[in-house]
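Protein chains in written order, with this note's numbering: chain A, 707 to 1453; chain B, 981 to 1316; chain C, 9 to 575; chain D, 7 to 332.
No lab work stands behind these hints: they were computed from the structure. Take these hints with a grain of salt, some might be off.
[To be verified] Listed below are the simulated EDC-like cross-link pairs for lysine to aspartate or glutamate, each with C-alpha atoms no more than 16 Å apart in a straight line:
hint: 1; chain 1: A; residue 1: Lys1173; chain 2: A; residue 2: Asp1195
hint: 2; chain 1: A; residue 1: Lys1169; chain 2: D; residue 2: Glu218
hint: 3; chain 1: C; residue 1: Lys427; chain 2: C; residue 2: Glu274
hint: 4; chain 1: B; residue 1: Lys1070; chain 2: C; residue 2: Asp409
hint: 5; chain 1: A; residue 1: Lys777; chain 2: A; residue 2: Asp718
hint: 6; chain 1: C; residue 1: Lys427; chain 2: C; residue 2: Asp221
hint: 7; chain 1: C; residue 1: Lys220; chain 2: C; residue 2: Glu189
hint: 8; chain 1: A; residue 1: Lys716; chain 2: A; residue 2: Glu983
hint: 9; chain 1: A; residue 1: Lys1121; chain 2: A; residue 2: Glu1393
hint: 10; chain 1: D; residue 1: Lys78; chain 2: D; residue 2: Glu102
hint: 11; chain 1: D; residue 1: Lys78; chain 2: D; residue 2: Glu36
hint: 12; chain 1: A; residue 1: Lys786; chain 2: B; residue 2: Glu1219
hint: 13; chain 1: D; residue 1: Lys217; chain 2: D; residue 2: Asp232
hint: 14; chain 1: D; residue 1: Lys46; chain 2: D; residue 2: Glu323
hint: 15; chain 1: A; residue 1: Lys1262; chain 2: D; residue 2: Glu36
hint: 16; chain 1: B; residue 1: Lys1070; chain 2: C; residue 2: Glu394
hint: 17; chain 1: A; residue 1: Lys773; chain 2: A; residue 2: Asp718
hint: 18; chain 1: B; residue 1: Lys1167; chain 2: C; residue 2: Asp409
hint: 19; chain 1: A; residue 1: Lys1173; chain 2: A; residue 2: Glu1193
hint: 20; chain 1: A; residue 1: Lys773; chain 2: A; residue 2: Glu857
hint: 21; chain 1: B; residue 1: Lys1070; chain 2: C; residue 2: Glu395
hint: 22; chain 1: D; residue 1: Lys78; chain 2: C; residue 2: Glu64
hint: 23; chain 1: D; residue 1: Lys78; chain 2: D; residue 2: Asp99
hint: 24; chain 1: A; residue 1: Lys1173; chain 2: D; residue 2: Asp99
hint: 25; chain 1: A; residue 1: Lys1121; chain 2: A; residue 2: Asp1176
hint: 26; chain 1: A; residue 1: Lys1169; chain 2: A; residue 2: Asp1179
hint: 27; chain 1: A; residue 1: Lys786; chain 2: A; residue 2: Glu796
hint: 28; chain 1: A; residue 1: Lys777; chain 2: A; residue 2: Glu747
hint: 29; chain 1: A; residue 1: Lys1173; chain 2: A; residue 2: Asp1188
hint: 30; chain 1: D; residue 1: Lys78; chain 2: C; residue 2: Asp516
All of these numbers come straight from a predicted model, not from anything done at the bench.
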Amino acid sequence: MSILSIRDLKVDYATQEGTVQAVDGVSLDVDEGQQVGLIGESGCGKTTLLKAIVQVLPRNGRITAGKIMFKGIDMLQLSKAEMRQLRWREIATIPQASMDSLNPVQRVGSQLMKLLRVRGGYDKRAARRRAADLFDLVGLDTERLMHYPHEFSGGMKQRAVIAMALALEPSLLIADEPVTALDVIVQHQILEVLRELEQELNLTVMLITHDISVVAQVCDSVAVMYAGRIVEQAAAQPFFHAPAHPYSLGLQQAFPNLARPRDELVSIEGYPPDLREPPSGCRFAERCPFVQDSCHDIDPRLELVGDNRLAACLRSGEMETLRLQAEDPALWQQVEVAQYFVDQPLPPAPSPKHQGGGDALAGLIEPTASPLESAEEAAYGGISKSPPNALGGDLEGGRVVAPLLEMRDVSKRFKIGGGLAGLLRGDQEQTVYAVNNISFTLRRGESLGLAGESGCGKSTTGKLLVKLLDASDGEILFDGADLAGMEQDDLLNFRRRSQLMFQNPFEALNPRFTLYRSLTEPLIIHGWKDEEARLQRVIETLDRVNLRPAEVFLDKYPHQLSGGQLQRVVLARALVLHPDFLVADEPVSMLDVSVRAGILNTTRRLARELGLATVYISHDLSLLQYTCDRIAIMYLGEIVEIGPSSEVINNPQHPYTKALIAAVPVPDPTIENPPLRIQEGIPRPTEQFIGCPFAQRCPDVMEACIDIRPPAITDEYSHMAQCHLYGQHRDSPKLKPGAEVTSGNTR
Amino acid sequence: MNRGIAYYILGRFLQSLMVLWIIVTLLFLLFRLAPSNPLASYIDTTFTKEQEAALLARFGLDKPLGEQYIIYLLNLARFELGDTFSYSGKSVLDILSADLPNTIYLTLSSLLVAYAVGVLGGIAMAALRGSLFERVGTTFTLMTRAAPTFWVGMLLLSFFAFQWKLLPSAGIGPAVVRYRWETEWDKLMSPVFWRHMILPTFTLALYLHGLPLLLMRSNMLEVLDQDYVTMSRLAGYSEWRVMIHTAARNAMLPVLTALTLGIGYSIGGNVVIENVFSWPGLGRTLVRAVQQADYPLAQGAFFLIALIIVFMNFIADILYSLLDPRVGASAQAQVS
Amino acid sequence: MSRKLVSVVVLLLMLLVLAIPAASQTAGEAVPAIIVRSVTQAERPIEFETTRLVVENMRQLGLDVEHRAVPWAQLIDEIWYTRTGDEAWEMTYWRMVGRPERSDPDEFTYNLFHSSVRDGGYNFIGYNNPDYDALAEAQRVEVADKEARLDIICEAQQIIRDDMVNAYFVHPLTPQVVNTEVFSADSVVTQAGIGVHNFWTWIGIEPTGDSKDLVTSTTSFLNSFNPLEIAGDAPSRVTEMTWDRLMRINPIGVAEPWAAESVVWEDPLNVVVTLRAGMTWHDGEPVQSDDAAYSFEAALAGTTQTDEDGNESFRAEAPDYYPFARNVANIEIIDDLSLRFTLHTPSAAFETSSLAKLNLIPKHVWEPIIEDLLTKDDADVDSIQEEIPIGSGPFKYVAFDVNEFVLLEAFDDHWARPKIDTWLMNVLPNQEATLGQIQSGEMNFLWEWPGDPGVLQQIVDDNEHLDLFSAVSIGFQYFAFNVRYAPFDDVTFRQAVAHTIPQQFIIDNIYNGFAAPADSFVSAALEYWRQCDDLPTYDLGIDGARELLADAGYTWDDDGRLHYPAE
Amino acid sequence: MQQEAMVREGPPGKTTAQFRQGSALRQLWETNLEVFQRDKMALFGLCIFAVFALVALLAPLIAPNDPLTPLKNADGDWIKDALPYWLAEPGEDEAEGYTNEFFLGTTNIGRDIFSQLIHGSRSALLVGFSAAAAVAVIGTIVGLLAGYYGGWVDTVLMRAADVAFGIPFIPFIIVIAAFFDPSIWNVVLAMAVLLWRDTGRVIRSQVLVIKEQAFVSAARVSGASDLRIIFVYIAPSILPLSFLYGSFAIAWAILTEASVSFLGFSDPNTISWGFMLQDAFLSLALTRGAFYWIIPPGLCIMLTVMAGFFIGRGYEEVLFPRLRRM
């Protein structure tokens, strides 16, 4: 029997620009003991739905129609007081950004106890006991009850919030994005906790997320929401194997999947419709590659399309065929062509130029390059003087090529707590070894991925590479010249040749500049005096990153663009000077799933076309596997493993790498993640280790690990790892496609 | 509490000392800029060059500037503020220590009234956001903040004291009563004193209540948007509990800091009101001292006020770090 | 520093600008810019407005005049300490207040104009006239013949008026208010040249009902309670009642024996004083002749110091009273109640300005204090504040809070016990508050009023229970000229300026009639000393002044600027 | 006070802006425009300033009489304490020898109160705007330097701010006013010396936030110089904040000038509203019941100060939509 039953629910927001129908006729049932995952990209109405259920809509929000039955009670008929009684005792909610859901100035324990006493009627002693039990349940040390929220890590806060949600043994738990913004390992562990609790307590859960892999991990049923509607509802397994709606198809294809790497990911181009005036036909029609004329006129209803499966698509009958077609990314790009950009056929991928010449982009599309630019290129495009590096591997059929960039024993230390004030306070000056003795090379046209948990030093490395920071020790050679010594013209030239792409596209552009201004700034700085030439270059670059027609974008401000478009602009700005080298720091982590693939594809394509050396920084190994030739795994400022992508992913040697791989969620409920054998919590890199830095957390730690630094061992594939057990680990856990999800699979 | 906080307090304290030293030095230099002869207030029928020299010596004004500065610092360190020019037989400290309690009473009473009204008003305004009450209330508050206090004080004086004769017009009490107050305690126990305090307190509170009110209101609005407040609502707490226990409690923190800072600044800022109501406090003495060219006294009063302000700023920092565990924790990392 | 620099630059520029027209003129140089000083409006609006008015008129003479208003303390400094040099003051508003001892013309006659007090004393205007000096000295020693002294005083007044060294314009009428519901109006004594706030009123005022408390206030400072210090108007009110004096100035301005039963001059240099029998100090000790002697000895106490150049100088421990005792050469104690003073030189004013001036202080209290002070270089009696001041006057100390209030009560053992029980003076700088309190009855005796007298008149008219008293003051208001330097070294110029002062207009409009026209440093209130020929008047106005200047050879340029006569 | 540094996404709304060269100044102008478009109160404040500015500009034309010269009747005596004509008994004035045409009466020495009020707007606006400009400029520069360069520059400037925070404001002005010649510029000087502290601190924290934003790093990666980053990238973003503090500074300056005048440290030859009140109080206007003399200057001060507050709040609404603070 369904515990929660929503029927034809409609929710409006009154805004100054008009009425937004955020939820438009949603019907959904949640059965007792069921775990329903609600998926959709941002703005599709999933959080509104949640707020409507517990009736905490903002002031301008209003339920205009429909019914919400909870255990047979019509919740919309309840008085405020009755509703309050219902909350938390019956329906507990883990709100979005639950990290901030704890009162910062109260101890976590007292917040929990207050809840138990005020809402649960516990007496003081019982409340204390129950609080301790709850902490136990979610895997938190009971001593932590006395701590303040800021003393908790993100994962611990999340556990505490889950403990609070479970405090009164609710019949229904609604969790809104419970693991977003958490590190992979933490994310994995929180999901594990949820999964265990589901089993132990037979919880009924409604989980809201944009990440289908999360749903794949913890839910047994899925509902996909799009533009205020539910477009598909199904049990988890059939859903992931055979989505019944084009949108679901797209979502599934858009996710990089470690288990099933793809050559090209699908990108669902375009944007959800304006919900102030929703289209009369299918809401997905605009972005659907399988659209037909009737789609624009007929609003498809959510209908039974199979065993316990509901979908809202006019072509649901042909789904078998469509599914096959959908595998082809080109199909999805046609949508893009038709709707948004005049796309040119791709030019044949040029072979990267390795000797001299330098600027590939200039050679390709640079008929109007200014004389100055050409002169510059002539002057600096000389042959690299740096020696070949064994670690660099060889992509060019045995020919050893001079690297564009070389890190030699580079370290970066930060000092904290020093200074006069620190001295006065008696603080010990602490040194943070953010980057510790790392070396690698990068050749023209090559792409390297840096992976690791947050705090591992990968972003610092990125900043060192573009000289936003200066190395404390070691040398960073760019085209043979040490970055440390660069000044004036040398520096300016380096600035022209190296660029950085930022994580948050909403911050990466000056909000007060038009896009033209933002893109032309680098040119002005580098002495392009001719306005026409600048304009020409800007337009060409915009065109390159698929922002077409480029002219339309010139006078736009950043806020007028969507995240995906913005990130393309950021890419354009990075490329406008025709650099040789690009660092992309988490380039898509802030973007909606549907557009991630588009950005990655464009970046990858241009890098390949232009012979750009690229460093990708990401915590997401599946993404790096998709984009990079080589991957380096960083831990506590050190590179613990580096090698060709497929080698690192499929044959990881370092236990840390294995843990990271194990933690990556896979958007397929049938794939069993290998067990994660390490705990969350990266220590602060304030000491230098004699032995292996990972020894503290390593599941296979030996005595030698503490005292003796493991050697860097490199195999014939240029696959290096620093571990005493190199090659001797017990069979590295492989992903097992096709295995059935069994209960309690993590223990 | 923990070691971090202790070090933080010590650090802040040393920092305050440094700030105070700079202020004191500036003060010393500032008063060397004084246009008139420091002995101006000593003139009478006879005055010989010799007596002038003797007086200069008495106030240490004949020594080189550097030496004067050292002596000045040493004296301040011992809280030795010197002799006044214009009050015979009284040291600066005598005068100021008689004034200080009065200033503090007025400051505290007005701040307490202002903050009580302000905090409650702020909560009400936040709760009734967008209503007519809120608009009228905010406008009224803005008006009280925009009106010159002495003007308001004078108008109140004119009605309450002169026209309707409801309240006394000046001072802290008639001398026939005052001379029996042997201790501050006697003063505080006297209803006469409190009656005299009503008008100046009310005038100041009228002006001062704006800050806590607007601060509380905006803090409330901000806090009410926070996730943990939403969480409280989701947890089914009553609206009253959400507003008072969770939101108001958290929104109070900056207001409390503002109150602490306010004590310091009010003591320096009550100058005008003290003059309007002939309130025998630091501010009135300062103005008189400046008018009388009694520089040691003016300097002493200035120093005392600055000392209180720096001290209250220090207290505010500490208080904030104690009240808000986040600040306390980040205190160590917060390299100044 | 930079202010100086800026002013130097500005001055240079001004000089340049001035030099151009000056070069083209055959007449003398333009009269340079003049700064006229006064206190600020906040302190004394009447003085400020008067100055503004006069400055306005002076401008019509073709003068470049700036009105500079500074606080009183600063004004004293600027006038007192910059008498000479480039920064010297030029013209200022000044006032002399009435005090009982000033009932004798000696102080003003000598101190204001004698060339010996030109550099450090009261002759800050720098007047130097040997003829006048002779007169000022003569009136001092003319003890025997009062008529002859009158002639001398008249001549002195004539010279000063003719020379126009000070442009007197008013003797203010001090408006004073008494609550006649509390006190009998008939018992209020008006002292000539002073007003109702005098010793005779304090001891004689009769309460009509049960309330026997006199409550008054002051707008100025109440910063000392010390028999050896002259700290200002308000403290003087207190000391004169707490400490008795051998003689007192009576309501018509003449010194009469008070604590002394008799004062007998044996010759112009010796006077025998006999004390009243049975007087006691407030602490119960008897008042004896050695106390009286010590009162003068204390005023004379001091040390002689020698500086590096071998110059000897005398440092008095009671610098305020030293001048009034200086003439005493010897004091001889005859018995418990009588003593003989021997003077250095005969002095006509000795009774008024010494016997009626010095407070009688108890020797047993002050001797240790003075002894101690004599051992210290850097302290005098100004630094002393007794815990409980002990005097022998009709009122005794109850409480004193610096700049707050003084509370006195009648001394029951005094032979002239006052009719009131307590006497209270509050410090109340706020004039509105003062008015509020006198109306509400919080205060019942208003003796000091620096504000607009018209308002006070209005208050009294509106309130049945208030009576207004007013008396022409011995004090006077005037513009002082620094006669050391041009243009004020020229008598004609000074006279011309005096003509521009609209005396009657000021009396009518600024003083609201509460002032008497002044033409001399001897007030009309001192009737005896004004039995002289009429003094010249200066009322020709602006046109007359211009004529006067033209006659003396002054010219005006095309811009209307006044120029000195050609050489 | 503890103004948390918060950066919001760019100003929302305009989709019609069509500038090829989206200059930062244009954007700034837009922000300003937006303040007054969105916030009616801010617009009202601006109108108040505009009206007073006009009055100040045309003061000699509007004011019927010289503000300082006492008016004289037919006999040559001052027309003292004349009531406003709308309060005067008919015929009374003719008996006194003048025709009453005074909108707000005259002072106790016969100056025209209305003319004083008109002329008072000049010093109010002069003090207000110059002090505001000084505070905003100094605070902005200090904030920019301290925030951008950090290190010892930051330490020195922020210690200086601490010192400025420790110096009592009104007493400082009193001392300054007593030591220099009385002038309305003393207030401006004292405000410039002390009040940059709030502006400086807030702008510093804002700069710290902006400095860390990716677009600034992007500029650096593109090779932009420090000065270019400060003035092209950071300054335009914090200028509205300077305006906010500037608006409040206008209000404080006018209030402070009034207080200092009231205490008697003002230049008596410059008519300001504070001076008028001081004059009125010293002349016992309260006792006279001359409310036509006391009320108008106070109201004018209140109006201009509120105008400053309104505009400041308008900026706050736009800059910190939720943090509406004074």
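Results of checking the hints against the structure:
| no. | hint | result |
| --- | --- | --- |
| 1 | Lys1173/A with Asp1195/A | holds (15 Å) |
| 2 | Lys1169/A with Glu218/D | holds (13 Å) |
| 3 | Lys427/C with Glu274/C | violated (37 Å) |
| 4 | Lys1070/B with Asp409/C | holds (11 Å) |
| 5 | Lys777/A with Asp718/A | violated (25 Å) |
| 6 | Lys427/C with Asp221/C | holds (10 Å) |
| 7 | Lys220/C with Glu189/C | holds (12 Å) |
| 8 | Lys716/A with Glu983/A | holds (15 Å) |
| 9 | Lys1121/A with Glu1393/A | holds (12 Å) |
| 10 | Lys78/D with Glu102/D | holds (11 Å) |
| 11 | Lys78/D with Glu36/D | violated (53 Å) |
| 12 | Lys786/A with Glu1219/B | holds (10 Å) |
| 13 | Lys217/D with Asp232/D | holds (11 Å) |
| 14 | Lys46/D with Glu323/D | holds (11 Å) |
| 15 | Lys1262/A with Glu36/D | holds (14 Å) |
| 16 | Lys1070/B with Glu394/C | holds (11 Å) |
| 17 | Lys773/A with Asp718/A | holds (15 Å) |
| 18 | Lys1167/B with Asp409/C | holds (14 Å) |
| 19 | Lys1173/A with Glu1193/A | holds (11 Å) |
| 20 | Lys773/A with Glu857/A | violated (42 Å) |
| 21 | Lys1070/B with Glu395/C | holds (11 Å) |
| 22 | Lys78/D with Glu64/C | holds (15 Å) |
| 23 | Lys78/D with Asp99/D | holds (13 Å) |
| 24 | Lys1173/A with Asp99/D | violated (84 Å) |
| 25 | Lys1121/A with Asp1176/A | holds (14 Å) |
| 26 | Lys1169/A with Asp1179/A | holds (15 Å) |
| 27 | Lys786/A with Glu796/A | holds (15 Å) |
| 28 | Lys777/A with Glu747/A | violated (29 Å) |
| 29 | Lys1173/A with Asp1188/A | holds (11 Å) |
| 30 | Lys78/D with Asp516/C | holds (13 Å) |
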